[in-house]
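**Q** For the record, the sequence lines run as chains U and W. The first sequence stops at residue 471 when you use the working numbering, and every number in between is there. The second sequence stops at residue 156 when you use the working numbering, and every number in between is there.
Careful: at least some of the hints might be erroneous.
Said to hold, decoys possible - Cross-link-like lysine to any residue pairs, in silico, SDA-like; alpha carbons within 25 Å at most:
1. K11(W) - K361(U)
2. K11(W) - N164(U)
3. K44(W) - N164(U)
4. K11(W) - R139(U)
5. K361(U) - V138(W)
Bear in mind the hints are in silico, worked out from the structure with no lab data behind them.
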Amino acid sequence: MTFGIFVGSTPGLTATMAVALIIPFSFQLEKEAALAMVIGVSFTAIFAGDIPATFLRIPGTPASAAATLDAHHLALKGKGKQTLLVNLLCSTLGGVLGVVMLIVLAPQLAAFALEFGPFEYFWLCITGLILGVTVSSGRRPFVGLSAAGLGFAFSLVGVDPLTNQSRFVFNIGELSEGLNFIPAMIGLFGMSEVLKTVVGDSADRHKTPVPGPFRLRESLSIILRHFPTVVQSAITGTAIGALPGAGADIAAWGAYGVSEKTTLKPNPPFGQGNWKGVISPTGANNSAVAAAWIPALVFGVPGDAVTAIVLGAFLVYDITPGPTLFESGNADFIFSIALITQVFLIPAGILGILFFSQIAKLPRGIILTAVVIFSVVGAFAMNNSLTDVWVMFGFGIFGVLLERQRVPLAPLILGMILGPKIEEYLRTGLISYRGEFSAAFTSHISRAFVILLAGIVLFPLLRFLRKKRVN
Amino acid sequence: MSSNKASPVTKLFNACSPALVWLLSGFYFLVFSFDISVPLTLDKFDPGPTLLPRLLGAGLLCGGLVQILHNLLVAQTSQIHPAKHGSARLATTVFFFILLLPVAGFHVTAAMFSIIFMFLMKVGWLRAILSTTIIVVVIHLIFIEIFMIALPSIPF
């Protein structure tokens, strides 16, 4: 678990990478110990991604991008450690709820997840994208939408996965694999923040994140006050995480969006240090990690990249996913490890927070230099590729230019993450339904998403018009 | 400069400059989408690899045009201020850091960059050298020793 904290909090090293790196070591252990190690790493790495997101505004993992909005604001107000404590406890609660739902609802949820065809996934991704845009763009949803479109367009660079045709590659071999969104994310959030802070473009240039005390009582009262948000986020995270391919990053943005839309008068507004903005993504991403095990255990269909890797390792541990897993008792063992992991997440997480808060006390010049070097190394480490480092640098400069024009960066990265999935599901759906786009509206699930999407777009518009009429 | 007193040319420039990102990227994706070759074996129901680049390119162009119109009508322009010296200097330092990585290897380049960057950030020499040593050693231990990631090394 300490390894998970360590990898998750290092920008550029994702939870997927943490699990991939630990699996070779796990082969030398007993089956039970190996499983405990792998499951422990997957849960802790997702939480740990929020630590640099809070202190440095650099998400440690893609699932932590939503956490940069409010958590970093609170860290600048001297509540760094408290924010991370609330984050850690909600992450644990979300994880426990996710595991409980995994135990109780696994077969039912898995059956529901299997009803999703390409068009249902297409609508899910579109809803996630629009929700993310409306939430992170504030009063400029149109600009946010343009940023998401640009991110989507960037994601199309490379070889088309369905036809193998090169797009926007211009005979540059390195570009054929496309623009990886992780170096882009490190550049947009990390490098651009360094450049902005140094030259004074950032409104917070004189502020540095302050760890402050843990304030345990106050933190517990915040969690109690927002307990419905924790439950709501865990449910959202479980529902999204159970869908194969959806993952913790979409779950985090989805829960953040649901929370923002269901809060009538947020004070302070979302994105400016609202506690619900801290609680909802962290509760959701950890419960999504648990829920990703639902299709993996029941049908052997991985819910995300992490479970895909672990399913491969299961074969070495001599565990066969599927209905027989429940008869052999292996499922109970996995459930109990997942629950125990949540309990141990608290001490492991506190260690991580204490370590990082010591680093946050260093002079700004040293922290910013370290951020640049870690950004460069983190971008390189993904694929051992210098092209990724240049992509990170390019996006860093681009991020500064965009933020000068008050363009929100989160929709851009969301567009890069969801773009390839949207394209793939749309085209696969059209091929499956013989070119009939009307088939995208025939199932109940698709219709529910379309109605939800209409609500997300129309509700703020109606609220704006009503306000105008009253004024 | 108030936008009311600005000349029409300045007004137009101020309205257009924030939309340049969308216009240029829209133009780029739209124009170069015509260079994408469509395979002969393409499934007849697959819209192909060109559909979304064209849609997005056109969408970004429209977005840019709408923003120009909005800026002209509402006269709320967000002017782009020229880049300050500091930003250019720091960006250049990072640029050379990346450029020299494959030539001089990670350890040498990172140490040089770290000391220069900290000097620009007004960190004292002794602190800069000490911090640089710690950063390089920590990264060496994490990435090279533990994760066995082959960071660029001196090629000779």
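**Q** Decide, hint by hint, whether the structure agrees.
**A** For each hint, the structure was consulted:
| no. | hint | result |
| --- | --- | --- |
| 1 | K11(W) - K361(U) | violated (46 Å) |
| 2 | K11(W) - N164(U) | violated (46 Å) |
| 3 | K44(W) - N164(U) | holds (16 Å) |
| 4 | K11(W) - R139(U) | holds (23 Å) |
| 5 | K361(U) - V138(W) | holds (18 Å) |
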